[in-house]
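Number of protein chains: 2
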Amino acid sequence: MSMDRLIEKIVATQNPTVVGLDPKLDYIPGYIKEAAFAQYGYTLEGAAAAFLQFNKDIIDAVCDIVPAIKPQAAYYEALGWQGVKCLYETILYAHSKRMFVITDGKRNDIGSTMEAYADAHLGTTRVGEEIIAPFNGDALTVNGYLGTDGIKPLLDICNRYDKGIFVLAKTSNPSSGELQDREIDGEPVYHYMCRMCESWGESTYSKYGYSAVGAVAGATYPEQLAILRKDMPHTFFLIPGYGAQGGGAAGLVGGFDERGLGGIVNSSRGIICAWKKSGRPETEHALAARDEALRMREDITSHLPKIQL
Amino acid sequence: MSMDRLIEKIVATQNPTVVGLDPKLDYIPGYIKEAAFAQYGYTLEGAAAAFLQFNKDIIDAVCDIVPAIKPQAAYYEALGWQGVKCLYETILYAHSKRMFVITDGKRNDIGSTMEAYADAHLGTTRVGEEIIAPFNGDALTVNGYLGTDGIKPLLDICNRYDKGIFVLAKTSNPSSGELQDREIDGEPVYHYMCRMCESWGESTYSKYGYSAVGAVAGATYPEQLAILRKDMPHTFFLIPGYGAQGGGAAGLVGGFDERGLGGIVNSSRGIICAWKKSGRPETEHALAARDEALRMREDITSHLPKIQL
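Keeping their order, the protein sequence lines are chains A and B.
Residue numbers for the first sequence follow our numbering, so the first one is 1 and each next one is one higher.
Residue numbers for the second sequence follow our numbering, so the first one is 1001 and each next one is one higher.
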């Protein structure tokens, strides 16, 4: 199961964090953009070339100390198909550096359509006799509002290709409670959703005790995170909201088990924009990202037991 | 507001239906695929070329009798960035034929990221001094699980560019009730979600009484559809599930108002695969789609009052 591959990388790097590759042109040093625009003009292709160079720099700088990247599909789609091509190339490059890739797409649909998303992001598409992996992420974030039909096709693909999913349970944004905290027969919606994750994952337990069906549970809601950890022992958590969104390291502890496993904490802007606050010249943006990734690892692991299998 | 443009097209064509352009290689006549593979090989590019030709044929055949198309993003993503390029080209072609385009992406995320999705699918991206519309749909389907933060950025874009959104309320699939029918203080989740749509749309009422914030409510649940119509007078419905999924025309009536407005019914496979059942040669696949689109219009409008403003 896919969570095993992720867990093994977390243990090897002693780092339960993931770098969110959420590029915007404003985040990218001028020299990278100038080179891209000089070659491609002020076009979506030019902007995508800048994104790719920026991403490669960061991947090069962190691949020995961070287990995974999480590209957010929205930022790539904002550059049209040219940006989506950059998403594909970013995943390819991260794999060449042996990083685990969580594609953050929050995809969701009815069963027959969800099969297409599963093929697209985790599986393969057949063209004639050719079998091609269109994006080839290792895990995908998904939204479970449509229920089991919208999850089942993903499980088949997870089993076949050793991949995983993370279902939105309690998101990190301020208004997440409008629906997620409301109660159904005394149980909050986020808890019910996470309980569905436990159930969907049942047939996929891995050797380290976690299933292929993880959940998204925000660092900005530490109390809920701790409740979910206790009640959902087989559900691995993707934990957004650390840093820029306000979630602190101490509050994250509740998301982990006694082996220091069970969660992976995302930081996006905090790492990829670190160069702006670092005092380093912009040409050292990737070193600033590495510094911040190391600081984040220290900050989070200082609150956890030693990470071990 | 965007729903005005859609409503005017519905009245002009006397047709409250939308053709779902959800291509798969299995749905496409052999002669189209052979031509595409001859030119591009058995590649994602070749498959995307077949999708595009198939879509153009259908758009040509229905653009005078159908107001809108609804390409489902999943099927394009299943061909990688090459498929996403085909999505872009399909939207461009539909606009050249003056059709309204509902991009079915069911996107969702926290506020800052939702801005990127809004820019991508409905708005524009700035590159240097250039302002570029990456996909330029007229409306986008979205998932409201994250609450107001995840909707607000879309409203800004809807106002600026005269676009609309459809938020998932009651989806057409068998397991939709697992969460959507559960009750919060005696109110089903789908009803609560639709009530949020009414509230999100408040500042965007258009001249025909509907806001820019529509909702998805499945034809397979006619009772819920009728309740939602009565309780949400400003929310325009995108109604999937007709035909292949089992929703009949008589059950749809409850989704419409006394002017025959308030909803648009989708059919995907029923129309684009009509050629397989039609007895026509495969080279007439688009004529078979037109026949079925006309039959569907007759089937649905025969249950409605005359459509008028």
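Take these hints with a grain of salt, some might be off.
Now the in silico label distances, taken between C-beta atoms and shown as ranges [stated by the list, open to error]:
no.	chain 1	residue 1	chain 2	residue 2	range
1	A	P233	B	D1181	52 to 58 Å
2	B	K1097	A	G128	38 to 44 Å
3	A	R98	B	A1035	36 to 42 Å
4	A	P233	B	Q1308	46 to 52 Å
5	B	D1231	A	D64	53 to 59 Å
6	B	S1203	A	K276	31 to 37 Å
7	B	D1231	A	E34	37 to 43 Å
8	B	K1097	A	R259	43 to 49 Å
9	A	D60	B	D1185	40 to 46 Å
10	B	G1186	A	E34	58 to 64 Å
Calculated directly from the structure, the hints in this document are not laboratory data.
Heads up, the beta-carbon is just placed ideally off N, CA and C, and yes, glycines get one too.
_Violated hints - listed by number, lowest first_ = 1, 2, 4, 7, 8, 9
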